[in-house]
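Got chain H; can you put chain C on it based on the hints?
Here is what each chain is made of, one letter per residue.
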Amino acid sequence: MKDKLEMIKHSAIASIETADTLNTLEELRVQYLGKKGELTAVLRNMKDLSSEERPVIGQMANEVRESIETALASKKVALEEAEQNKKLQEEVLDITMPGKTLKVGHMHPLQKTLEEVQNIFIGMGYEIVEGREIENAYYNFDALNLGEEHPARDEQDTFYFNSNLVLRTATSPVQVHTMEKENLPIRMIAPGRVYRSDEVDATHSPIFNQIEGLVIDKNITFGDLKGVLAEFAKALFGDKAQVKFRPHYFPFTEPSAEVDVSCFVCGGEGCNVCKGSGWIEILGCGMVHPKVLEMAGIDPTVYQGFAFGVGLERIAMIKYGINDLRLFYENDIRFLSQF
Amino acid sequence: MNVPMSWLKQYVDIDVDINAFVDAMTMSGSKVEAVEESGKEITKVVSGKIVSVAQHPNADKLRIMQVDIAGEREIQIVTAAKNVNEGDIVPVSLDGATLAGGLKIKAGKLRGELSEGMFCSVEELGFSEEDIEDAPHDGVYVFPADMPLGIDVKPYFGLGEQVVEYEITSNRADCFSILGIAREAAATFGKEFKFPEITVEEVGGNANEMATVTIHNEDLCPRYAARIIKNVKVGPSPKWLKDRLLSAGLRPINNIVDITNYMLLEFGQPMHAFDYDKLAGHNIHVRNAKEGEKFVTLFEDEVELDPSMLVIADDEKTVALAGVMGGNNSKVTEETTTILFECANFNGYNVRQTSKKLNLRSDSSVKYTKGLDPNNITLALERAAQLINMTGSGEVVSGKIDAYPRKRESITIPYDVEWINNFLGTSLTEEEIINYFISIEFVPDQAAKTVTIPTFRTDVTMMADLAEEVARLYGYDKITPTLERAEPTRGAKTFEQKTIDEIRQIMSMHGVYGALTYSFESPKVFDKLCIKVDSPLRNVMKITNPLGEDFSIMRTTTLNGILTSLSTNYNRRVEDAALYEIGKVYIKPSDDATPILEGKHAYEHELPQEIKKLTIGQYGKNVDFFSFKGMIETLMSALHIAKVEFVRNTELEFMHPGRTATLLINGKEAGFFGEIHPQVAKNYSLDTRVYMAEFDLATMLNAINKELKFKALPKYPATTRDIAMLVSKETLVGELEKVIIQRGGKLLEKVELFDVYEGAQIEEGYKSVAFKLIFRAEDRTLTDEEIQKVMKKVLNGLEMNCGAKLRD
Numbered sequence: 001m002k003d004k005l006e007m008i009k010h011s012a013i014a015s016i017e018t019a020d021t022l023n024t025l026e027e028l029r030v031q032y033l034g035k036k037g038e039l040t041a042v043l044r045n046m047k048d049l050s051s052e053e054r055p056v057i058g059q060m061a062n063e064v065r066e067s068i069e070t071a072l073a074s075k076k077v078a079l080e081e082a083e084q085n086k087k088l089q090e091e092v093l094d095i096t097m098p099g100k101t102l103k104v105g106h107m108h109p110l111q112k113t114l115e116e117v118q119n120i121f122i123g124m125g126y127e128i129v130e131g132r133e134i135e136n137a138y139y140n141f142d143a144l145n146l147g148e149e150h151p152a153r154d155e156q157d158t159f160y161f162n163s164n165l166v167l168r169t170a171t172s173p174v175q176v177h178t179m180e181k182e183n184l185p186i187r188m189i190a191p192g193r194v195y196r197s198d199e200v201d202a203t204h205s206p207i208f209n210q211i212e213g214l215v216i217d218k219n220i221t222f223g224d225l226k227g228v229l230a231e232f233a234k235a236l237f238g239d240k241a242q243v244k245f246r247p248h249y250f251p252f253t254e255p256s257a258e259v260d261v262s263c264f265v266c267g268g269e270g271c272n273v274c275k276g277s278g279w280i281e282i283l284g285c286g287m288v289h290p291k292v293l294e295m296a297g298i299d300p301t302v303y304q305g306f307a308f309g310v311g312l313e314r315i316a317m318i319k320y321g322i323n324d325l326r327l328f329y330e331n332d333i334r335f336l337s338q339f
Numbered sequence: 001m002n003v004p005m006s007w008l009k010q011y012v013d014i015d016v017d018i019n020a021f022v023d024a025m026t027m028s029g030s031k032v033e034a035v036e037e038s039g040k041e042i043t044k045v046v047s048g049k050i051v052s053v054a055q056h057p058n059a060d061k062l063r064i065m066q067v068d069i070a071g072e073r074e075i076q077i078v079t080a081a082k083n084v085n086e087g088d089i090v091p092v093s094l095d096g097a098t099l100a101g102g103l104k105i106k107a108g109k110l111r112g113e114l115s116e117g118m119f120c121s122v123e124e125l126g127f128s129e130e131d132i133e134d135a136p137h138d139g140v141y142v143f144p145a146d147m148p149l150g151i152d153v154k155p156y157f158g159l160g161e162q163v164v165e166y167e168i169t170s171n172r173a174d175c176f177s178i179l180g181i182a183r184e185a186a187a188t189f190g191k192e193f194k195f196p197e198i199t200v201e202e203v204g205g206n207a208n209e210m211a212t213v214t215i216h217n218e219d220l221c222p223r224y225a226a227r228i229i230k231n232v233k234v235g236p237s238p239k240w241l242k243d244r245l246l247s248a249g250l251r252p253i254n255n256i257v258d259i260t261n262y263m264l265l266e267f268g269q270p271m272h273a274f275d276y277d278k279l280a281g282h283n284i285h286v287r288n289a290k291e292g293e294k295f296v297t298l299f300e301d302e303v304e305l306d307p308s309m310l311v312i313a314d315d316e317k318t319v320a321l322a323g324v325m326g327g328n329n330s331k332v333t334e335e336t337t338t339i340l341f342e343c344a345n346f347n348g349y350n351v352r353q354t355s356k357k358l359n360l361r362s363d364s365s366v367k368y369t370k371g372l373d374p375n376n377i378t379l380a381l382e383r384a385a386q387l388i389n390m391t392g393s394g395e396v397v398s399g400k401i402d403a404y405p406r407k408r409e410s411i412t413i414p415y416d417v418e419w420i421n422n423f424l425g426t427s428l429t430e431e432e433i434i435n436y437f438i439s440i441e442f443v444p445d446q447a448a449k450t451v452t453i454p455t456f457r458t459d460v461t462m463m464a465d466l467a468e469e470v471a472r473l474y475g476y477d478k479i480t481p482t483l484e485r486a487e488p489t490r491g492a493k494t495f496e497q498k499t500i501d502e503i504r505q506i507m508s509m510h511g512v513y514g515a516l517t518y519s520f521e522s523p524k525v526f527d528k529l530c531i532k533v534d535s536p537l538r539n540v541m542k543i544t545n546p547l548g549e550d551f552s553i554m555r556t557t558t559l560n561g562i563l564t565s566l567s568t569n570y571n572r573r574v575e576d577a578a579l580y581e582i583g584k585v586y587i588k589p590s591d592d593a594t595p596i597l598e599g600k601h602a603y604e605h606e607l608p609q610e611i612k613k614l615t616i617g618q619y620g621k622n623v624d625f626f627s628f629k630g631m632i633e634t635l636m637s638a639l640h641i642a643k644v645e646f647v648r649n650t651e652l653e654f655m656h657p658g659r660t661a662t663l664l665i666n667g668k669e670a671g672f673f674g675e676i677h678p679q680v681a682k683n684y685s686l687d688t689r690v691y692m693a694e695f696d697l698a699t700m701l702n703a704i705n706k707e708l709k710f711k712a713l714p715k716y717p718a719t720t721r722d723i724a725m726l727v728s729k730e731t732l733v734g735e736l737e738k739v740i741i742q743r744g745g746k747l748l749e750k751v752e753l754f755d756v757y758e759g760a761q762i763e764e765g766y767k768s769v770a771f772k773l774i775f776r777a778e779d780r781t782l783t784d785e786e787i788q789k790v791m792k793k794v795l796n797g798l799e800m801n802c803g804a805k806l807r808d
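So the protein lines, in turn, are chains H and C. Per the working numbering, the very first residue in the first sequence carries number 1; after that it's consecutive. Per the working numbering, the very first residue in the second sequence carries number 1; after that it's consecutive.
Keep in mind that the hints were calculated from the coordinates and are not lab data. Keep in mind that this is a model prediction, so the values were computed, not measured. Just so it is clear, CB atoms sit at the ideal spot from N, CA and C, and this is done for glycine as well. Each hint should be verified, as a subset may be incorrect.
[As the list claims (entries may be wrong)] Anything over 12 angstroms on all C-beta distances counts as not near chain H; from chain C, calculated:
| no. | residue |
| --- | --- |
| 1 | Q10 |
| 2 | A59 |
| 3 | R73 |
| 4 | P155 |
| 5 | V417 |
| 6 | Q497 |
| 7 | K629 |
| 8 | A642 |
| 9 | S685 |
| 10 | N705 |
| 11 | P717 |
| 12 | T720 |
| 13 | R743 |
| 14 | E758 |
| 15 | E786 |
[As the list claims (entries may be wrong)] For lysine-lysine, the following PhoX-like pairs were computed, each having C-alpha atoms within a straight-line distance of at most 20 angstroms:
| no. | chain 1 | residue 1 | chain 2 | residue 2 |
| --- | --- | --- | --- | --- |
| 16 | H | K112 | C | K493 |
| 17 | C | K493 | H | K181 |
| 18 | H | K244 | C | K357 |
| 19 | C | K706 | C | K498 |
| 20 | H | K244 | H | K275 |
| 21 | H | K100 | C | K621 |
| 22 | C | K668 | C | K729 |
| 23 | C | K629 | H | K103 |
| 24 | C | K750 | C | K643 |
| 25 | H | K218 | H | K291 |
| 26 | C | K104 | C | K40 |
| 27 | C | K792 | C | K750 |
| 28 | C | K331 | C | K294 |
| 29 | H | K103 | C | K621 |
| 30 | C | K532 | C | K542 |
| 31 | C | K600 | H | K291 |
| 32 | C | K668 | C | K738 |
| 33 | C | K478 | H | K244 |
| 34 | C | K498 | H | K112 |
Chain H on its own, in the form it takes in the complex:
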């Protein structure tokens, strides 16, 4: 009986070793360990053994079973692995073929630029305020220190609906409305459409977008204005960007300045983009005129502030190297998809 068990063990293990499919392996399991299997048959004959022999043979039979089971299990792992490897071989793809893409749309380049500008100012504690585009003359002119006879009022080339209602020529009226609400301090930017009577060409549009900023608080200085706009320029054009403040005149600020940023293409050496000067004019700014504060009901002896205005189209054109303003309003998908 012992011999028989030994024999079963050897023949089983030898057969398992050579099995090359999972099916063969299963057949072998049935052949040796199944209900009608060889080992089972041996065990079934145990009852004929003496009581001395039975535990010995029993133990031995269990050992043989375990050996066969172990052999089966390890062979199974090996065969499964081989099978998987084979399958993996068969599943090789040409990964250079194109993917199945989802067509996504893009943000308008002006919107994208606005988003960038807004994020810079939100980070500095500014809120974004919007307002109406059609205003009466008071909010568009008078409240900004542009009286009836002011020459600048003539220069603006404004669209009128009647002698008193106009399409706003700047987003400044939004600032006036905000100041009138008397919630100080104010830190705001007012983005939006503005309108001027310019014929359409590559660099002019009767409709364009402006972002104006306003800060009103106690102890605000011209140095603070320089500080904020220097930060803005760096955030938008990179850390190397320098700003230059040149004296200028706006009726609603005093002192006023125009701001140039060092050309981000040539770094100030002079190139086509900056027309050789090394500088690009990007915005106008100044300390809010005391009369403007007063008209909005803010005491200029207690509060000061600064204001600035920047053309969104101009920034976007500089940033992306766009050379024709008309592209912004054509909405050609081949243009929009570049941003």
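Relative to the frame of chain H, chain C by itself:
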């Protein structure tokens, strides 16, 4: 404002090079736009004397000349010029010279004889014959006999002059003059401003006995002064005066006109010369024009005046439009012997209005428009008289006529060193600040802490203005950038702004591009959009001064903008296009609003409602009504807008009557979407199906569930039942769904359409519709009986309300 450097240097010593000069001027507030140099390209042209002339041996028309250019030797020039001979001094371009227009001169042989250069005509130096008085017709220019030899000829012709172009801001009328710029340059460089020395030689007589001036409207004419010049000889100006004008780009005309132009440039003061003998009664009246009065300008244009306009009249007639233009009836001619030289101040706004109304502009009206200082007249009139003396143009009668009813007084304002420093973020001493004031002729009183502002600086009225003067002279670039020492504020987007950001993202995810279109358009778009004649959309805000009809009305619907852009794409062969815009429409207010006619809220009753719309437009290969609707459904669910319904809309004339839906949010109309009417598509040259949506943004925003709350995940399994039914073809799936939801009650978690079928095996006029119903209870596993009960209710409802027949 163009200022020749040589002219400027008469009044201030500038010892830096041109680049340093223009940079410093820009930084102190006189922005330099450009520096032009006249005759910049002309080089190596010198004066040379013809010392001998010989005939060319091989050419009848050529002569060989030896020319003395004060060099080591004489040079030889072969010329075809007929007007020059031995002894003439002429401009000679040497070997390697460049002439106007870039023409290069090289030594070479002409028909075998060496020619080392060329004689020049004025044309070759960039002029026309008329520019240079003694230029011969079609020949070489000949200098006067006293012309030195061998010198660069450019200065003689006023060439080589650097002319600086300044951008003068509208608050600085005083800088629209060479003296004004010189004053700024002096302050910028800390130099002395050397005002011209003015002396006048008078010949006796008394101007005030020869003419009178009466100002009838002092508001529009604060001052009117004049001098009388007799024995006038109208003729060409002397060379120095011509050169001055040429250097500034002005063409000399005659002495009287040239002096007027000179004054306009140097003092910024317009002057006008009347022929004294043509002034009836020799009395000047400054008064308003009469209604309908006709006036003929010195250019012989006839214009019709109205009483808002100021004129200069004599006892009988109008002789000039004040500040704008003189009249033909009193102009100076070659026969004129006596002139009345006007030097006056007129209201700039009124001059501008008159100039605009009559469409007449002149150098003088442009100057007046800036708003001039009446006190400038005192010296200007004397300077003009001095120029008459200097040019020998006539004799200055003693005495001045000067009516000055509205004297402009200088103002005195306080200064506060600490305030100025705090305002600018500087730490300047009082001494420094005072010195800046003095440099621009502000007169400080340190004891009183005040400063008196000269009358030509009307832009300075308060301390902030003083701060600006200090800042620009100190240098904006020297002020240190700082961070505000102030109360913090919160920087954040509003709910609306954040939601719009989300909408943009969702649109992008669906392949829709952000677009921007004009807010004003043509009134013709309504016909193009097939909008009914009586539609309220046609009630628009009209621009009274538009850039043409195409941009004349504010849009009341955003469809045109997006359709136009889709059409642009379609006609440029872009296969698929999807665009959205978040933009405004402008809805005219109803007429019954209470009018406000005065004050800062004037006419606000006429302000339109500005309403934001989300507009989406799309065409393309895989686009149909349901893909478009699916995008809208996704948008609504992504935004957490729950109660959304779609109702068939057959009423919109510009939409396909069978493929358009109204979007209801919480039962409220929020807009429409669907396929655009084929006729409209055709009108926009879109030969394809086009889908459009226009939604009211505020309605969407209001419906967003802002307070999202967690709901426990289901603990008990769901049970699914499919039902298929036959209904008449016209029955709407939405109706069936409504019934299922209503009948399904609380246990029905979800209903999904999974099949609609018409055709074989289905009775004519019917369709088969199949739904999957998902049931679930929060607190238990549903039993078969419970589900059966609900299903029965659902099926009964479908049968009763929709005539549905259950299919097996």
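Structure-based check of all given hints:
The Cβ of Q10(C) lies farther than 12 angstroms from every Cβ of chain H, with a closest approach of about 25 angstroms, so its non-interface assignment holds. The claim that A59(C) lies off the interface holds: its Cβ sits roughly 48 angstroms from the closest Cβ of chain H, which is beyond the 12 angstroms cut-off. Chain H leaves R73(C) outside its interface by the beta-carbon criterion, the shortest separation being 43 angstroms against a cut-off of 12 angstroms. Distance check for P155(C) against chain H: the nearest CB is about 29 angstroms away, which clears 12 angstroms, and the non-interface claim stands.
Every beta carbon of chain H lies more than 12 angstroms from that of V417(C), the smallest distance being close to 15 angstroms; the non-interface claim holds. Once the 12 angstroms rule is applied to beta carbons, Q497(C) is inconsistent with being away from chain H; the minimum gap is 6 angstroms. Non-interface status of K629(C) relative to chain H is upheld: no Cβ of that chain comes within 12 angstroms, the nearest being about 18 angstroms off. At the 12 angstroms boundary, the C-beta of A642(C) stays outside the reach of chain H, the nearest C-beta of that chain being 25 angstroms off.
Its beta-carbon lying about 15 angstroms from the closest one in chain H, S685(C) satisfies the requirement of being farther than 12 angstroms from that chain. No Cβ of chain H comes within 12 angstroms of the Cβ of N705(C); the nearest lies about 24 angstroms off, and the non-interface call holds. No Cβ of chain H comes within 12 angstroms of the Cβ of P717(C); the nearest lies about 34 angstroms off, and the non-interface call holds. Its beta-carbon lying about 30 angstroms from the closest one in chain H, T720(C) satisfies the requirement of being farther than 12 angstroms from that chain.
The Cβ of R743(C) lies farther than 12 angstroms from every Cβ of chain H, with a closest approach of about 38 angstroms, so its non-interface assignment holds. Once the 12 angstroms rule is applied to beta carbons, E758(C) is consistent with being away from chain H; the minimum gap is 32 angstroms. Under the 12 angstroms C-beta cut-off, the non-interface status given to E786(C) relative to chain H holds; the minimum distance is some 42 angstroms. Only pairs whose Cα atoms come within 20 angstroms are accepted, and K112(H) paired with K493(C) is accepted, the gap being roughly 16 angstroms.
Pair hint K493(C) plus K181(H) holds up; C-alpha atoms about 19 angstroms apart against a cutoff of 20 angstroms. Between K244(H) and K357(C) the CA atoms are separated by roughly 41 angstroms; this puts the pair beyond 20 angstroms, and the hint is violated. Among the hinted pairs, K706(C) with K498(C) is consistent with the structure: their alpha-carbon atoms are about 12 angstroms apart, no more than 20 angstroms. A threshold of 20 angstroms between alpha carbons decides the hint, and for K244(H) with K275(H) the separation of about 16 angstroms falls inside it, so the pair holds.
As the CA atoms of K100(H) and K621(C) are separated by approximately 17 angstroms, the hinted pair is consistent with the 20 angstroms bound. For the given pair, K668(C) sits about 29 angstroms from K729(C) by alpha-carbon distance, which is inconsistent with the 20 angstroms threshold. For the proposed pair K629(C) and K103(H), the alpha carbon gap of about 17 angstroms is at most 20 angstroms, so the pair holds. Proposed proximity of K750(C) and K643(C) is supported: the alpha carbons are some 15 angstroms apart, at most 20 angstroms.
Distance check on the hinted pair: K218(H) and K291(H) sit about 16 angstroms apart at the alpha-carbon level, within 20 angstroms; holds. Straight-line distance between C-alpha atoms of K104(C) and K40(C) comes to about 14 angstroms, which keeps the hinted pair within the 20 angstroms bound. The suggested pairing of K792(C) with K750(C) holds, with an alpha-carbon distance near 17 angstroms, which does not exceed 20 angstroms. With a CA separation close to 17 angstroms, the supplied pair K331(C) and K294(C) stays within the 20 angstroms bound.
Our distance criterion of 20 angstroms between C-alpha atoms is met by K103(H) and K621(C), whose separation comes to about 13 angstroms. About 19 angstroms separates the Cα atoms of K532(C) and K542(C), which keeps this hinted pair within 20 angstroms; it holds. With a C-alpha separation of about 15 angstroms, the suggested pair K600(C) and K291(H) falls inside the 20 angstroms cut-off, and the hint holds. At most 20 angstroms may separate the alpha-carbon atoms for a hinted pair to count; K668(C) and K738(C) meet this at roughly 18 angstroms.
Only pairs whose Cα atoms come within 20 angstroms are accepted, and K478(C) paired with K244(H) is accepted, the gap being roughly 10 angstroms. Only pairs whose Cα atoms come within 20 angstroms are accepted, and K498(C) paired with K112(H) is accepted, the gap being roughly 15 angstroms.
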